[in-house]
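There are 4 protein chains.
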Amino acid sequence: MLIKNGRIITATDDYIADILIEAETIKTIGKNLSVKADKEIDATGKLVFPGGIDPHVHLDMPFMGTFSSDNYETGTRAALYGGTTMVIDFILQKQGNSLRSALEEWKGRSDNNCVGDYSFHMAVTDFNDNTKKEVQEMIEKEGITSFKTFMAYKGALMIDDRQMVGLMEEVKKHGGLINVHATNGDMIDYLIQKHRGEGKLSPLYHYLSQPEVTEAEASERFVDMANFTGCPGYIVHLTCEGALNAVRNATRRNQKIFVETCIQYLILDASLYEKEDGAKWVMSPPLREKKDQQTLWAGINQGLVQVVATDHCPFKWEQKLMGKDDFSKIPNGHPAIENRMELLYSEGVAKNKITLNKYVEVACTNPAKIFGMFPQKGTIAVGSDADIVIFDPNEKHTLSAKTHHMNVDYSGYEGWEVTGKVKTVVLRGQIAIENNECKLNKGYGKFIKRNKVFQNI
Amino acid sequence: MLIKNGRIITATDDYIADILIEAETIKTIGKNLSVKADKEIDATGKLVFPGGIDPHVHLDMPFMGTFSSDNYETGTRAALYGGTTMVIDFILQKQGNSLRSALEEWKGRSDNNCVGDYSFHMAVTDFNDNTKKEVQEMIEKEGITSFKTFMAYKGALMIDDRQMVGLMEEVKKHGGLINVHATNGDMIDYLIQKHRGEGKLSPLYHYLSQPEVTEAEASERFVDMANFTGCPGYIVHLTCEGALNAVRNATRRNQKIFVETCIQYLILDASLYEKEDGAKWVMSPPLREKKDQQTLWAGINQGLVQVVATDHCPFKWEQKLMGKDDFSKIPNGHPAIENRMELLYSEGVAKNKITLNKYVEVACTNPAKIFGMFPQKGTIAVGSDADIVIFDPNEKHTLSAKTHHMNVDYSGYEGWEVTGKVKTVVLRGQIAIENNECKLNKGYGKFIKRNKVFQNI
Amino acid sequence: MLIKNGRIITATDDYIADILIEAETIKTIGKNLSVKADKEIDATGKLVFPGGIDPHVHLDMPFMGTFSSDNYETGTRAALYGGTTMVIDFILQKQGNSLRSALEEWKGRSDNNCVGDYSFHMAVTDFNDNTKKEVQEMIEKEGITSFKTFMAYKGALMIDDRQMVGLMEEVKKHGGLINVHATNGDMIDYLIQKHRGEGKLSPLYHYLSQPEVTEAEASERFVDMANFTGCPGYIVHLTCEGALNAVRNATRRNQKIFVETCIQYLILDASLYEKEDGAKWVMSPPLREKKDQQTLWAGINQGLVQVVATDHCPFKWEQKLMGKDDFSKIPNGHPAIENRMELLYSEGVAKNKITLNKYVEVACTNPAKIFGMFPQKGTIAVGSDADIVIFDPNEKHTLSAKTHHMNVDYSGYEGWEVTGKVKTVVLRGQIAIENNECKLNKGYGKFIKRNKVFQNI
Amino acid sequence: MLIKNGRIITATDDYIADILIEAETIKTIGKNLSVKADKEIDATGKLVFPGGIDPHVHLDMPFMGTFSSDNYETGTRAALYGGTTMVIDFILQKQGNSLRSALEEWKGRSDNNCVGDYSFHMAVTDFNDNTKKEVQEMIEKEGITSFKTFMAYKGALMIDDRQMVGLMEEVKKHGGLINVHATNGDMIDYLIQKHRGEGKLSPLYHYLSQPEVTEAEASERFVDMANFTGCPGYIVHLTCEGALNAVRNATRRNQKIFVETCIQYLILDASLYEKEDGAKWVMSPPLREKKDQQTLWAGINQGLVQVVATDHCPFKWEQKLMGKDDFSKIPNGHPAIENRMELLYSEGVAKNKITLNKYVEVACTNPAKIFGMFPQKGTIAVGSDADIVIFDPNEKHTLSAKTHHMNVDYSGYEGWEVTGKVKTVVLRGQIAIENNECKLNKGYGKFIKRNKVFQNI
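Protein chains in written order, with my numbering: chain P, 1 to 457; chain X, 458 to 914; chain D, 915 to 1371; chain W, 1372 to 1828.
No lab work stands behind these hints: they were computed from the structure. If a hint is listed, it holds; no wrong ones were tucked in.
Derived pair list, reagent style DSSO-like, types lysine-lysine, alpha-carbon separation capped at 27 Å:
| no. | chain 1 | residue 1 | chain 2 | residue 2 |
| --- | --- | --- | --- | --- |
| 1 | W | 1627 | D | 1267 |
| 2 | P | 452 | P | 172 |
| 3 | P | 421 | P | 351 |
| 4 | D | 1108 | X | 589 |
| 5 | D | 945 | W | 1407 |
| 6 | W | 1525 | P | 132 |
Computed from a prediction, not measured in an experiment: that's the story for all the values here.
Bound conformation, chain P alone:
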């Protein structure tokens, strides 16, 4: 395949050239390549990005008595429509059970079902002597090198600081990385019960049960523990100034922590919780304030926020209605897997908040580097997988549940006009998306074993 004359953007570069793909990988990049290809795509006037990588999604996940509504097929297909060629999903250990058994359960749902490429983080919810023995095997045998921890959801997912420090030491020993959901679950549980006790049951109280301090505090604590153990740490879905300041303050002691935010925290705010359909945006952490959006954009440009993901975890309106009388029963999560790349371009690049290179860095390259898929994934370079997005920077269109491909009957961005559109997507040398159609079938998506993680990017 030959992609002609596109403006190629990587995390570093920006130039116009042709890309020659052979089998699954990129063979040559050059001006006016004089080769004959089976398929030629004219990318004149278009941007050519590496395929997006969304390192934070939850597909077909059992949660709060139901399952997230996108399965591995619908989720990875919707991702492709939006220019995301690979996702990393989360396996959740069941407390009392092994990591292995959770892996098997998740494989049962994902194997042969993905359209796009994928990997897993392993969420450790019960760290004990048995779990400890499984860490090395996950990293070295399964290529699962990152371990998710929860500082919230006591009784279900949360580990205490004793387990956290123990896990950090084990993960560090084997070259892995700790991901963390950093909110103070105890404080949140207190506030949820307090609000419920006072009959405050609307979605707004979901927000008010997770004030900034609950995230700032847990982030400080995580950063302290990571510094103590020396284990590489990655804070998922960081939303607010208080939490980012924990990371900024830690730079003074020469510490480095990886930070992920999600597209929604950059562009939506908590005023949505006062709407009648506020349940659509019930997620944890919740949306924050305008000042937090500013902090997050600044953090990206300061190099202190390295990744923009989604925490895609869709629930249909019917599912959301489980909590119509009690915010604490609303399944947490929101659909965005298909929208991330276009929204980040439109709100970030087109509005001059970030450069094109930074866009690729946070949406494609850094996830690949931090999570050990680089240089196979995350860039456009000779030898890398031919995961490519051809993007029209000028085409305007409007997001809507009517047109999206996610298995959810509403959009968190209904009617949002975006500038820039994913036109063609290539995954490992095959056309995935063209003319608004998905050309790949379920099962094409491959599980990507990952390497030990980089500590510095």
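Assemble chains X, D and W onto chain P, guided by the hints.
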């Protein structure tokens, strides 16, 4: 020209491929390119970097009653030997005179004399209504987009905060950048006179006249003024924890400041001032402590230190002896233009302090991006200038004045064993260095007009 | 004299007792003292404070081509009406002249003219080898132990950082203290000229020419220099969050800096500059924002703001009109010497922002301790001067130029209703104020020689 | 009783006078009081302090399978010998039981057994709906206004953050205060088990199991929760820079937290753990480093550390030997109740680290103010309890188990020479200590009901 089979490193990428050069630029990059080239270089087992860019050098510069000992020919040639294909030198406005007249004076020394490519920063030492009118012209007509300021050297180079803020507003308006030598000149002048008054005249008192606080204070003040005006700012030769913390603290208010350190601050420390030949390392700011080295390496990996330069400003031993009885008469500066790339590789990459990508980022790519030469310079990409270094990562050799090409009769790194050696250097498609010989003549080096600077990298 | 049954408040204590005064000092404090006194005052139901000390006033001061409108008589008399029994005024060295000659000039205006007690700070505006020799003499012979410095008003009062550090070392050597007006004069001069150049001439532009950063920056710089030299430092009229944070941050390196704010910064804000008679509040630094008021109250309770003064520097409306067409010509200053104690009680104690003990601490005791008049002044204790205020905590009254005793034809607090009223004032055993009349004559006020200052309070 | 001619020191004052005591309280203070008293004490040349208050002691406390070796008689008597006239002990709720039942149990041991005055803090180890109801009663009926919480000792004393926030809201509502043992129990438990697992069992590993981060982290977290709830907070036995910096950083958001350190953290350091009898200093938190001592002295002078207590919790050597083979079995605690006042004078005042006023403030007055016994206790003022220490500032003597009165067979300060000696102690008008003899009997000590606490001192 065809460079075969090298391991190509950019600020982002890392892959093995061939590079085809046509005239001055890179035409194609690919696996096993089947083309016929006039010249083929086998880079198997070698690293292939973009040409280094040293954005902080002083060639043939009048200073303290003498001239720095490398002129534009010897300096840019030595740079090429060390893998640096472009430098940015400093024009110094004379107080009372125009920027234009300084530009003419500097052109008189540099025109047709450079072997490697070059540009200039314009040091504004007298900001007044006339100078103000020249700013736009420098940026738009001369392609000189960065303006150096001194917070020290009162009576010669220093401007006060009123001038600083005025210059910042003007530079911002036209899309330029302010560089700053951020040390508190008044405090330093006090300490110099105090030490001299007490008969403390050895090189050690050069160090003790510029304690950390003099740099930390000025950095805080500069950061405050840059925040107030919104003008992009770049701190040159930052050396210490206190100064870097000024930048780190400013991240809390969503501010971004560019930071340059120099190779010597990463690897040498102030204990050298107690040696008999301590004058060799008399530079401003002075070398600091081990803890400062750690901070600077951390700052690089945190993304808060973006550039490693040299502040190359060589003086022969005879010149240094002007201050043999009084540290304040020692010409300030040290030779490093030839050593930067090899030392940073050896001390940084080979000792696992930074990754290969980070190495290229701080030594090649960021200088080009921050100072507006990108993508012409600073990367290996189709369409960019073919400025390329072929580097043997394993060859060990020893630095010495006997073998270096700088016009100075000692080395600040005499006997230092480094791992990794620059083997071949290409500048705009021409072999510059091969078999330890320079193949280019004086005059080949081109003045590079620069674009308005990036604010985010 | 016997004061019966009052509720006596010191910086520490709070109890009901009788106070027996003999000659100028307190002889006995006890329950139901059974002595016969020439004069008995029944203080039942009243608060009994130490006489207030205002360590920051400018009487009969030449400034901006005129003199502040209260002379030593009217100023110290008005102070007594307001419960302030002692003030510290400022002598301003004339650049080029000696400290001694300034002292003589100021004595010429103050000697035999004061009603209340007084001392001087010495403002050093030209630190050179001659001035250096006078420091010790001022401290040891004249009892003038505090040295004021200006980081603003270039060409008139400002010293540069070289002079500052030199002065600090000299003052430290002899056990004195440095006071500082910490605003960045260069930045302010730039903004004044910029605004004037743009025809922005109203009082609002006085405010906009001294933004928070100008004070924050200078405070950081002063704190850095004080830390470097180890000289005790005292920031006068600190107004804002940015400046107080400089002091707070310095606590991390175990540093202590004394901080004074003024009553107006605690209770007025910058919205006044938009009023037609905004010139009344033109002072430097200017009034700030609500958030700054909150910071200052918090700072008092944190123990990081130790003094509440006034910077009393009154000008009549006619004088203020010198700047009716140009804010930069408005004489800077505002009248408050008479209002401080009542306003601070009413806004601070009566509104539960500070305790009674804290009130006495910041308005009476700390000034005496920091500036070396303790235990002669600043407390109610056996052996101390009988400087006493009998205060009705419940009496409400309204501030007005019609009723105040300051020599100025307007009030900055016209119509302000306060809770609490100074009823009787005793100065060194003599009734000063009783029944709204001043019983003391010009010349009663004594110059108080001060001791070397405390470093820790 | 008449105390003649002593130099009376309060937190504010310093003067020479006579003190006349009538019954239990101070009646008159004055120069040359001409009264006839039953008993006259000549205090010429002596210092006269308020009786010391030690707000952190553990007498006759069940802990780790044994009881602290001083009971209420021996402990309060030893305190009197050392100039401490009142202590606050801790009641520990048993998890699953009520506060009331714990109060009864503690009363059973303390009632009629104290020689000196005392009160209790209530340690809440199980906050639930029942406990919640008891808070108000404790404050209003029992005069127990401060509630101790543990962030360590999981399974025995620790509460989680949910309980903490709930308790804070309840305590705030009723005007109380939260005390906290702020160390991260989970991290400590991890490290203890890790060290034990590696056979590292000596007292040094007690220290290494509680690194600075465990205290810094918990202090940050507590400060965050206190800020969120607005509940007054008091950190007990703060030992280190990291923890004090949590408090210092919080000043930036206008927060105030009370901080107590203990005498041992000011003067001893962790090198003792390498001694053979290191078990003597096994306490939690452990002794720290020299830099932490400096921070704590600075914190006192900055006004950010308000109290110096002891955490007196003695165990005999035989009891300490319970852990001779395993540091985790050593009963935690050290004897100091008798030594605090003399050590703080000798190491603080006599070595010019703190002033005399500050000495009284942190050892006597602040504990009384913060915990609601002021002005009855904590000062020398008319109407206050006549709790008085007559102190010879010059007498040197040597601390030793041979001469001390605590019920423990070693001293943590054996052979330590101190400057200054407690000569006479008066408690509520009665001679308690004279000529090295205790004149009071068991049962004289009174339980002091406390008022709602001050928020600002």
